[in-house]
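Going down the list, the sequences are from chains A and B. One gets my numbering by counting positions in the first sequence from 1 and adding 57 to each. One gets my numbering by counting positions in the second sequence from 1 and adding 105 to each.
The hints are simulated quantities; they were obtained by calculation from the structure and are not laboratory data. Remember, predicted model here, so these are calculated numbers, not experimental data. Misleading hints may appear alongside valid ones.
Stated by the list, open to error - In silico contact screen, one side only, chain A against chain B (beta carbon under 10 Å); selected entries: (1) A84; (2) V128; (3) S132; (4) L232; (5) M236; (6) I237.
Ideal Cβ placement from N, Cα and C applies to all residues, glycine included.
Each chain, written out:
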Amino acid sequence: MRAFNAELSKLFSLPGIWLAFLIGAFAPAVIAALDGTAQKEKIIAGVSTRLSEVGYIGLCLGVQGVIILGVLAVSSEYLTERSDSGGGNQITTSLTVVSSRFHFLLAKASAVTVISILLSIVAILTTVTATNLILGEYAPAFEASRLIGAVCYWIFTALLAFGITVLTKNGVIPLTVLMINSSVVTISYLLTKVTKLAFYLPDKAGSDMFMFTSDSFHTPFTGGLIMFAWVAVLFIVAAIVFHRRDVTS
Amino acid sequence: MSVSSSRKITLILGAELEKLVTLPLVWLTLMGTFILNLVLAAAFTSVGLQGAAGTQSILKIGLASMEYLQAGFIILGILATCSEYTGGQIRTTLTTIPWRGFQLSAKHLALAIVTIPMAFIIAASGVLYACIMMRDTALVIEIDAMIKTLVGATGYLTLTTLLSAAIGVLLRRTTPALVVLLGHYFIVSPLLRDFLPSIKNYFPDTAGYYMYMPPSSDEINVLTPIQGTGVSMLWTLIFITVAIVFYRKRDA
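Bound conformation, chain A alone (with noise of 0.2 Å):
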């Protein structure tokens, strides 16, 4: 409990965190409101074929503030300090104090898990009500499943982040192939024209826990399962690399 304790303290000082929450707070809610304003007069006249998607859309786009966070948490741990000031790093300490590397990444992960649980509540609370400032009596109910769905898919997504980070303990690589992966034009959409394998990707089966579209391919459950079986998968290889690893190699 204290090391979970000060994992948080060290997530919460981090230099660039101020970022992942600016972003992970706003960037869905401004999605959706522009989503929302372009959508508007379908909806009203009642031919609009995105009506499951208004607000989900930027829950689903605007998961950077949690890969920020999940990137960041690991990648921080990394950094060679200036040569003034010891030239260590952060990890020589962590690993100092708390000496079961278990533990320690338990720690660490069950803060990044907290926090994204809090972001996403945050996240859900401003796309809703941009939602219904944009659309009024036309915006739709949101159903409390889906709402869980999209709060599952934003704690897998910062585990992603999280588990590749530790595996390849620079942030640039997960934070660029993420960042892309999660942007409008996926690599992972252009594959599902390949192969119908693709649709297994974490970040393709995690939307159809809460994006209801023509192309969905998996139930919400199944689609929740998938991901959170990448997820575990990442995380025992993680745990196994990082158990084995010298510190600073």
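Dock chain B against chain A, hints included.
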């Protein structure tokens, strides 16, 4: 030590080039981009082959991966400038080269020298792949149209790299710079394209898009390649100027 100013510039440029070339992440990024580009080109080509045969333009399919390709060059630009700030290399640099404006301009020049051939090779490899795979089905393309497009693509990637380097100087940290640039190029800009069509042409990436996309009849090309280049270059120059001004004023 007194050296003539032309010799000084050569020395600074040489030093910046050497720093850039010996940065291991630069080569990793370029190699990763190259491989990713081939994979994407394969994916796009196979999608194109499934589509209506004979109607697809090879150039369009070969360059479809540009959208993702630019990420590699954004990383390259940020790495080149932000690597100075991790570990305090910047102080060594500024001790040996106390002319900040010169030093930063030389850095951008060195970056352009490295980027131009790499961008050309990577962009050409995608088109070449599409060419080989679609030889039988697609229309024949003229060689000078292809060269014009490839030059445009190279120019666009180089400008993007320089723009990213300037942003890197302004923000001085890798992660925020990466988030800001990727966020703009991959999330904000595609959304704005749909929602605010009136001003979209004046962003660096959409203007740059016209530098390499071959004009086609079914789309309305609002900017000519020259106009696109102009807008894109203006953005890059503005950001480099702002970066140099800040760099000169700010505590290192």
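Hinted contact A/L232 with chain B - closest CB pair below 10 Å: holds (6 Å)
A/A84 as an interface hint toward chain B, with CB separation required under 10 Å: Check passed: Cβ of A/A84 comes within 8 Å of chain B, closer than 10 Å.
Interface hint outcome for A/I237 [beta carbon to chain B under 10 Å]: holds (6 Å)
Hint check: 10 Å Cβ-Cβ cutoff, A/M236 to chain B: Because about 5 Å separates A/M236 from the closest Cβ in chain B, which is inside the 10 Å limit, the hint holds.
Per-residue hint verdict: A/S132, partner chain B, C-beta under 10 Å: holds (7 Å)
Given hint A/V128 near chain B, where the shortest CB pair must fall under 10 Å: holds (8 Å)
Every hint from the earlier list agrees with this structure, and none is contradicted.
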